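Start counting the sequence shown at 0; every next residue gets the next number (numbering that gives the first Met the number 0).
What the hints contain is simulated information worked out from the structure, not anything from laboratory work.
Being a predicted model, the structure only gives us computed values, none of them experimental.
Check the hints yourself; a few may be wrong.
As the list claims (entries may be wrong) - Here are the computed distance ranges between Cβ atoms for each label pair:
1. Q114 with P74: 31 to 41 Å
2. N308 with R118: 38 to 48 Å
3. T102 with T21: 18 to 28 Å
4. D347 with R118: 46 to 56 Å
We put the beta carbon where it would ideally sit given N, CA and C, even for glycine.
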Amino acid sequence: MTRPRDARWPGPLALLNEVRRTPGVTRADAARRLGLGSGSATDITARLRALDLLDEVPAPAAGRGRPTTQLLPHPRGPLVAVVEVRYEGWRCALAGIDGRPATIAAGRHAHGAEQQVVREIADALRDLRHRHGHRLRAVSVSVAAAVRHRHLVRPTTLGWDPTDLSGILPDAATALVIGNDATLAGLAEARGGAGLGAGTVLHLTVEVGLGGVLVIDGVPAVGGSGTGGEYGHMPFGDRSRRCPCGARGCWDNEVDGRALARYLGAASPDDPRAFALDVLQRADHDAEAAGAVRSVADALASGIAGLVNAHDPDLVTLGGLAPLIRTAAQPDFDAAYLDGLMEFRRTDPIPLRAASLGDDGALIGAAAAGLDVVLSESGLDDWVADLERPATTGTGT
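Build out the structure end to end from the sequences listed, making use of the hints.
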């Protein structure tokens, strides 16, 4: 196949990104949003079809007017393998350029089983390479651990040693993207979830510990080495308590199931998330559980206020257990949040909104991060170059 003449990427990229933002968008709507004339939209779409990037199908009839088409991922178009490693298990999904991941493999793991998990994921990815050939452009990984220069440097939540995940790649030609799960969930919420339309979004999620990210104009602020957003390790807690991360006074230890266990005089739970869910369910009829939840809600809300004072976001989105903690102790939570804000903020406090993507937030965010690489100018140049080569691996179907 020959690349269409004068197929420069700015216009095509804008159209591809519109399909990412609004899967199933009609060509007419996409052209209107991008300020394209009908002829330009037709020409760009034809170029992208010739490159196996977009497909067009008749749009559902919508009353009178000229019929239009829907823009969809091409059936032979690029794919991103999306991997999520959580506290208790992992899953692997596949996403096209619309960023909708569909799970194709999953497994559970015990703490400290990093080598087994790496082998199982690598097997799943090799199978995807065999089935889809050059269409598999990137592997994007979401993991419940601190990520620095694409290495897991603090996977203590998983019970792992520091781990290099590059061994999961099916071959050296496949791009690898690795991110913290809370960071990627925040990316997803900012671009297409509860934070959609806000310029600066602070996302925080409570699972086993607390994580988050500041997303500015759709771009996560992850710092120089990728470890930005480790909010759970800010010293908002008891300075006499040493965190497994090595620091003292980490906020992590004040807001999850481990904190609830301390307030209830229970041993540190093997599964802090499950323990927290049980306590939250009991809080409406058990005074001791309700008191523990109020203490955790106060610690969570006070820390959020501090971050709002520091970052001045347009919106805060709350994921994981955080919305449940807020709801279970709403008066205490709201009072602690307002009390922690600088005085000028209290008359019009930054809104707090529950995340809308649920347990799929990190998976969707990982798909988005992978597509950022695949649908960059260099990524598209590589795609075109591969189209022009005879297929050598996989079925390509």
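Violations among the numbered hints | No hint contradicted; all consistent.
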